[in-house]
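So the protein lines, in turn, are chains R and F. The first sequence runs 1 to 180 under the working numbering. The second sequence runs 1 to 663 under the working numbering.
One thing to keep in mind: the hints can contain errors.
As the list claims (entries may be wrong) - Taking lysine to aspartate or glutamate pairs in the DMTMM-like style, the calculated list, with each CA pair at most 25 Å apart, reads:
no.: 1; chain 1: F; residue 1: LYS84; chain 2: R; residue 2: GLU171
no.: 2; chain 1: F; residue 1: LYS80; chain 2: R; residue 2: GLU139
no.: 3; chain 1: R; residue 1: LYS79; chain 2: F; residue 2: GLU118
no.: 4; chain 1: F; residue 1: LYS282; chain 2: F; residue 2: ASP592
no.: 5; chain 1: R; residue 1: LYS173; chain 2: F; residue 2: ASP107
no.: 6; chain 1: F; residue 1: LYS304; chain 2: F; residue 2: GLU341
no.: 7; chain 1: R; residue 1: LYS3; chain 2: R; residue 2: GLU33
no.: 8; chain 1: R; residue 1: LYS169; chain 2: F; residue 2: GLU117
no.: 9; chain 1: F; residue 1: LYS544; chain 2: F; residue 2: GLU655
no.: 10; chain 1: R; residue 1: LYS173; chain 2: F; residue 2: GLU24
no.: 11; chain 1: R; residue 1: LYS79; chain 2: R; residue 2: GLU127
no.: 12; chain 1: R; residue 1: LYS173; chain 2: F; residue 2: GLU118
I should point out that these hints are in silico values taken from the structure, not numbers from a laboratory.
One-letter residues, chain by chain:
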Amino acid sequence: MAKPKIASDWMCGCAGCHMSLLDMDERILKIAEMADLRSTPITDLKHPDESGVDVGVLEGGINNTASEEVAKMFRKRSKILVALGDCAVFGGVPAMRNFCGVEAALQQAYVDAPSNEPGSQIPNDPELATMTKTRAIHEVVQVDYNVPGCPPDPDVIFYVLSELAQGRKPELKDELLHWH
Amino acid sequence: MVQLTINGKQIEVPEGTTVLRAAEMAGIQIPTLCDHKELTPYGGCRLCIVEVQGFRVPIASCTLPVSNGMVVNTETPALKKSRKFILSMLFSERNHFCPFCQVSGGDCELQNAAYREEMTHWPMQPGWNGYPVDSSHPYFVLDNNRCILCRRCVRACAELAGNFTLSVAERGAASIIVADTNVPLGESTCIKCGSCVQVCPTGALIDRTSAYQGRETEITPVKSVCVGCSVGCTVTLRVRDNRIVRIEGDWEGAVNRGVLCEHGRYHPMTESRQRITTPLMKKNGKLEPVSWDEALGAIAEKFKALAGDAHNGAAAIASTRLPVEVLTAFRQLFAEKLGAEMVTSTEEGMTTAAVAALAEKQGPFEGRLEMLKTADTVLCIGANLARSHMVAGFFIKRALPKGMKLINIDPEGDELDDLADVALKNKPGSDLALIEGLKAIIIKENLGRVPMAVPNAEQVIAEAVQATGLSLESISLAARMLAHAISPVILYGKGITAKRDERLVESLYSLATLVGAIDKERMGLLSVKGEANSQAAAQLGLDKPFSLNGQKAVYALIGDDYVSKYLVERLSKAPYLVVQTAYESKLTEVADVVLPVTIWSEQEGHYVSMDGRVQKAEKVIQAPEDVRDNLAVLTEVAMRMNMPVKIDWQKSLHERKASVVIN
Chain R
1 MAKPKIASDW
11 MCGCAGCHMS
21 LLDMDERILK
31 IAEMADLRST
41 PITDLKHPDE
51 SGVDVGVLEG
61 GINNTASEEV
71 AKMFRKRSKI
81 LVALGDCAVF
91 GGVPAMRNFC
101 GVEAALQQAY
111 VDAPSNEPGS
121 QIPNDPELAT
131 MTKTRAIHEV
141 VQVDYNVPGC
151 PPDPDVIFYV
161 LSELAQGRKP
171 ELKDELLHWH
Chain F
1 MVQLTINGKQ
11 IEVPEGTTVL
21 RAAEMAGIQI
31 PTLCDHKELT
41 PYGGCRLCIV
51 EVQGFRVPIA
61 SCTLPVSNGM
71 VVNTETPALK
81 KSRKFILSML
91 FSERNHFCPF
101 CQVSGGDCEL
111 QNAAYREEMT
121 HWPMQPGWNG
131 YPVDSSHPYF
141 VLDNNRCILC
151 RRCVRACAEL
161 AGNFTLSVAE
171 RGAASIIVAD
181 TNVPLGESTC
191 IKCGSCVQVC
201 PTGALIDRTS
211 AYQGRETEIT
221 PVKSVCVGCS
231 VGCTVTLRVR
241 DNRIVRIEGD
251 WEGAVNRGVL
261 CEHGRYHPMT
271 ESRQRITTPL
281 MKKNGKLEPV
291 SWDEALGAIA
301 EKFKALAGDA
311 HNGAAAIAST
321 RLPVEVLTAF
331 RQLFAEKLGA
341 EMVTSTEEGM
351 TTAAVAALAE
361 KQGPFEGRLE
371 MLKTADTVLC
381 IGANLARSHM
391 VAGFFIKRAL
401 PKGMKLINID
411 PEGDELDDLA
421 DVALKNKPGS
431 DLALIEGLKA
441 IIIKENLGRV
451 PMAVPNAEQV
461 IAEAVQATGL
471 SLESISLAAR
481 MLAHAISPVI
491 LYGKGITAKR
501 DERLVESLYS
511 LATLVGAIDK
521 ERMGLLSVKG
531 EANSQAAAQL
541 GLDKPFSLNG
551 QKAVYALIGD
561 DYVSKYLVER
571 LSKAPYLVVQ
581 TAYESKLTEV
591 ADVVLPVTIW
601 SEQEGHYVSM
611 DGRVQKAEKV
621 IQAPEDVRDN
631 LAVLTEVAMR
641 MNMPVKIDWQ
651 KSLHERKASV
661 VIN
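Could you put the whole structure together from the sequences, leaning on the hints where they help?
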């Protein structure tokens with residue numbers, strides 16, 4: 001039997017969950033033995049196979065039209081979709097802007113913050129994706145496994161990936177369940 | 001006893017027990033958020049729902065009393081589903097994003113509850129409504145965004161501190177915790193006891209000093225005694241890396257049951273005095289750092305030469321905040337070995353001497369603070385419980401809504417006046433006339449519990465009215481209220497004892513007997529004393545007024561205490577002054593030798609509370625390098641004078657008759 005294919009990507013996150021993934025040290029070789037690691041943000045291949053992968057892993061929440069597209073593509077191409085980390089699962093820190101709204105957040109970040117040059121403007125290049133409310137992935141597409149944590153512990157990531165690679169259902173509880 | 005079955009387990013519990021407590025007794029944990037064992041059940045969070053056979057729907061176990069034959073289940077699949085739903089609703093209400101919350105990772109009861117139900121995400125996302133944050137308080141921040149409206153803080157404020165500052169404003173999802181009539185916490189009637197912070201199950205009440213300083217699993221809890229005053233509250237000190245991160249009331253504490261006041265919880269955390277870390281000696285009119293050897297050598301030489309000269313030799317004064325071991329060694333060295341006459345404490349008997357005088361004749365006549373818990377009427381005189389010995393004040397304030405009557409007597413008046421049924425602001429110096437007046441009215445109106453006669457009752461009453469400047473009606477009202485009480489308690493403080501007038505205490509004692517506060521079964525008379533070891537200092541006889549009459553050298557053992565201006569004034573007249581202290585002060589400025597010593601948390605030792613409880617304070621942190629232990633310094637001074645001290649402090653405490661039962 002061919003090894004299951006795993007692909008990952010990051011959206012509105014800080015890359016910390018992928019750092020935590022790398023933090024599993026030599027165990028990543030075990031994952032590589034068990035599974036075929038396809039596209040990831042830290043390898044050459046940038047998009048999951050059009051023919052589909054067995055497991056898609058997404059870090060970060062959905063905060064604009066671009067990340068919405070990524071999420072939808074991953075859902076379409078993955079048999080199993082994993083939301084990795086607090087931003088993917090809950091919206092996380094970027095979701096804090098929902099309390100004030102996109103406009104106010106942009107105004108503060110690009111204009112009002114004291115560190116901005118006088119006369120600074122909110123970027124308005126038409127090429128840019130349109131900002132939206134920050135959402136957890138499960139608000140946009142169906143998620144099969146939510147793996148919370150900020151970031152999830154390397155042990156947790158290893159457990160989830162190795163279980164999925166071996167065709168089992170990971171169960172997050174007790175020591176493996178953390179939201180922080 | 002009531003028999004019931006919980007999860008198939010047959011158990012027997014006392015009638016009136018709630019199902020939640022019954023389950024706990026049987027070792028079955030039911031998750032809950034609003035429940036707290038020191039607060040009345042509220043039934044707000046619904047997390048503790050259980051299934052009871054015969055009941056149509058699940059029911060909150062925290063407010064459900066047990067009944068015979070009840071069959072309860074706490075962990076059915078339907079209940080687990082409901083609990084998950086309840087938690088989902090709580091998470092969807094406000095900002096419960098964990099990564100940047102100080103209690104995340106073990107200290108948050110909401111997060112722990114979600115883990116227990118194995119929740120990996122929120123089925124319902126939040127509504128993104130912002131709620132007010134109040135950071136006007138000096139010691140903590142109230143973030144309504146983290147609040148789950150369990151009302152533990154509101155109940156703690158009312159039921160534990162008796163202060164009723166916190167309440168809930170608005171309705172439904174808009175509900176927020178507010179102080180008074182929605183004023184900033186820092187400008188409210190808050191008395192800064194911090195009980196609300198200690199009971200908060202989430203990160204809604206943020207302790208300024210300890211937030212992000214380590215989770216409970218990373219900090220070591222050490223039980224000890226608060227040395228802020230003589231009440232004797234027990235504390236849990238949370239320590240990390242040789243530093244106290246937070247002070248909490250000990251829920252198991254015999255006296256305080258988890259409650260502390262500002263003096264106990266926050267003052268030690270905001271200490272700003274400059275620490276002295278090396279011995280200092282006056283050289284050419286200036287204090288200069290010296291070695292311990294040089295400082296101790298100089299002191300020993302000076303004091304040894306004064307041995308045997310009771311009047312003009314040495315004098316010594318010690319703080320009543322020091323452990324009894326230190327006080328015992330202090331007395332032995334200076335009074336017994338050196339033979340100095342003027343050996344006393346910084347309180348100079350202001351809170352104990354008048355009490356001790358009656359105790360000499362009478363034996364123990366004062367009861368324990370618990371008396372306040374069963375009292376129906378309290379006469380509080382000269383104690384100012386709103387400022388000092390605040391936890392004793394909490395016991396009164398929390399009982400007032402349950403119907404306890406309060407008569408507050410203070411010439412200056414205090415915050416308790418507003419809550420008192422009768423508040424008497426008598427003219428200064430008229431306490432004795434007032435107490436005698438109260439007695440005379442009770443005797444005249446034949447309301448006394450024991451036969452007692454007063455010649456010229458009318459005249460005594462007239463004198464009381466005259467001396468106090470109060471109306472006959474108000475004094476009579478207080479007298480009748482006290483006389484009609486079933487379980488009265490009389491509590492007095494420095495206002496009575498500072499005059500060192502034994503007649504005042506005797507008069508109160510006789511009033512207490514007259515109204516039945518003291519009888520064969522009850523000891524409903526208490527005095528709050530002063531600092532943490534006032535009672536111990538009294539037992540050691542360290543209670544005379546301090547004055548210098550030609551003494552050649554004075555040893556001031558201050559420890560970590562504050563020094564009054566008046567004491568500095570008198571001590572600065574000493575020809576040679578040794579100050580054993582932890583902090584720089586006006587007193588160290590006039591010292592000839594300064595010995596840097598440990599503070600309360602750096603030394604261990606015993607304390608005798610106002611009501612005679614002997615409790616041990618622990619050493620929880622290591623003192624700075626060149627700082628020495630108070631007892632070790634005294635012992636070393638004694639050794640160098642060839643007058644070694646050997647203390648038996650337990651025995652010393654019983655040398656003299658005490659007003660309280662010491663054990």
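Which numbered hints fail: 11
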